[in-house]
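S.K.: All chains, please: the whole structure from these sequences, using the hints.
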Amino acid sequence: MASDLKAISLFFRYHTVDVLQGISLQVSAGQVAGLLGPNGSGKSTLLKILSGVLTPDAGHVEILGRPLTEFTRQGLSRKVAVVPQESQFGFPFSVLEIVLMGRHPHLGGITFESRNDINIARNALGRCGADHLAERCIHELSSGERQRVVFARALAQQPSILLLDEPASHLDIRHQVELYDIVRELASGENCTVLTVLHDLNLAAEYCDQIYLLSAGRIEAGGPATEILNYANLVRVFDTDIYIDTNSLTGKPLIGPMSKQTMDEYRKLKDR
Amino acid sequence: MLVCITLALNFGAGKVSLLQLIHADGLSAIDRTILLEVRLPRVIFAAVIGGALAVAGVVFQALLRNPLADPYVLGVSGGASIGGVLAILFGLGAAGGWLGNIAVPVCAFAGALAALILIQYMATVDGRLTVYTVLLTGVIFNAFAAAVIFFIQSIASLERLHDIVFYLMGRIPTPDIRTLVLLTCTTVIATFFLWFMGRQFNALSLGEETATQLGVPVESVKRHTFIMGSLLTGLSVSVAGLIGFVGLVVPHMLRLLFGPDHRLLIPAAFLGGGAFLVIADLFARLVLAPNELPVGVVTALIGGPFFIYLLRSRSRVYGI
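Residue numbers (my numbering), protein chains in the order written: chain X, 1 to 272; chain A, 1 to 320.
In case anyone wonders, no lab produced these hints; they're calculated from the structure.
Backbone N, C-alpha and C define an ideal beta-carbon position, used for all residues, glycine too.
Be aware that one or more of the hints could be misleading.
Claimed, not checked - The following residues of chain A were derived to be distant from chain X, with all beta-carbon distances above 10 Å:
| id | residue |
| --- | --- |
| 1 | LEU86 |
| 2 | ILE117 |
| 3 | TYR121 |
| 4 | LEU135 |
| 5 | THR137 |
| 6 | ILE140 |
| 7 | ILE155 |
| 8 | ALA156 |
| 9 | THR184 |
| 10 | LEU206 |
| 11 | LEU214 |
| 12 | VAL216 |
| 13 | GLY259 |
| 14 | ILE302 |
Stated by the list, open to error - Facing chain X, from chain A, some residues (calculated, C-beta under 10 Å):
| id | residue |
| --- | --- |
| 15 | GLN61 |
| 16 | ARG65 |
| 17 | ASN66 |
| 18 | SER205 |
| 19 | GLU208 |
| 20 | GLU209 |
| 21 | GLY215 |
| 22 | PRO217 |
| 23 | ARG255 |
| 24 | HIS262 |
| 25 | ARG263 |
| 26 | SER313 |
As the list claims (entries may be wrong) - Facing chain X, from chain A, some residues (calculated, C-beta under 8 Å):
| id | residue |
| --- | --- |
| 27 | ASP126 |
| 28 | GLN153 |
| 29 | ARG199 |
| 30 | ALA203 |
| 31 | GLY207 |
M.R.: Have a look at this one:
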């Protein structure tokens, strides 16, 4: 199967720190891949390289079968959209104006957005359940609402590849589910390629087809989600004990944290 | 909306000539044609300088993603001041009085270009122009320029000192026609150039990384903005000295009126800044007539309180 997003042995060094040490991964069209790993393991750096913000020291990236370096900046942005972890907005733009900025790579010169662009932006907002916010000022919104607006902006880019950097970290469970339902829909319905960084292991288990576990700039394990999300892998990568069971409804792994207190009681029980 | 500002500008300009005509009739000594030849170029001059400063203010605010930036913050004005003040010190503009001679503006502009090149060189790290480095370099360069100017003032003769102080306060001189044409052309071209980048400024306000991911060539936009904005600032400081607050208050007012979209804001700033300075210059000429106030004093007197008011009423929106 052709992979739409492909990284081949990427190396990246920031000053004296080796951030990425030979990362290879591939995601096929219509698939949702999850990128998991402890803080500082290089997840965000990897996304920046894949979106062309940073240039790797070695290795290369292929987008839709073509080397990333062959794309113009604007051409790349027509194919790859990013939802960052945190956003700044500077001046008090309206929500619709922010979403319309997603049309930037499709426009040239000083042209204003056409009616078609505005329709695309409104549809994107509607899809994210944020159409009622369109005329509001971005500064007035809650962090959860803002994240939905940023997601809508990425949708307005109409990308083939969507890169998400912990898009749901500020959202409550309902909005997390709504957001990832849209991601799933994009992947299966519109054959979009998705790579998402997440910290919530259960969200990863529920929504991702593939999982890459990243640790200290290396891929520790990669493959189908149900195989990769096992006790041994997670304990090794995150360096903490966890509780893992099977979701009786889906058969997918169900993962919970283990507090020190729980661990102590568990040990006592085991000793008895 | 643009038509509305054009009308405001025309009305402002019209009012000036009208008032001046009435004023002149009162004195009844001056020929109307001379009046139009002296006053009209001056009004155009004020309009162009005001426009240049306001546009520079808008694009520097976009570049630094900070609504408190003004055209003088990036240091080019310091270089221009040194150039202009040196020219006065050495009496280069003295022959026909510095109003009639272009020696001072030329030296000032040379100073501005030197500062532009120096700051650009110093602020480039690993081939990238980092906005915080640009800002810090500019602020420090301005402080250094202020020290140089104090030094020059301390060794200048009393007569020259008077010229220097008035030059620095900012005033609209009655220009010769060549300066006017040159300034107008450059300002209009630079404004159009910056206007073409309007949508990129919008995206840039989301941060450099996001702007890149939206397809904006961030490094080249930053560099062009810095150069074009500095050119506009350098030109206006060269011919008119340090006229404060136009580049700070006008972009704010227009953002309240038209919103933050730079595709509207840049042409609006050109027209609005022009209208603002024409009116300020009108005050400067009329308040103490027949003596003139430096227009920089007028803009600061209007702009300062207004800016504090804006800041207090809008601080929630800007999150300052």
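S.K.: Just pull the numbers of the violated hints for me, sorted ascending.
M.R.: Hint check: 10, 11, 12, 13, 26, 27, 28 fail, others pass.
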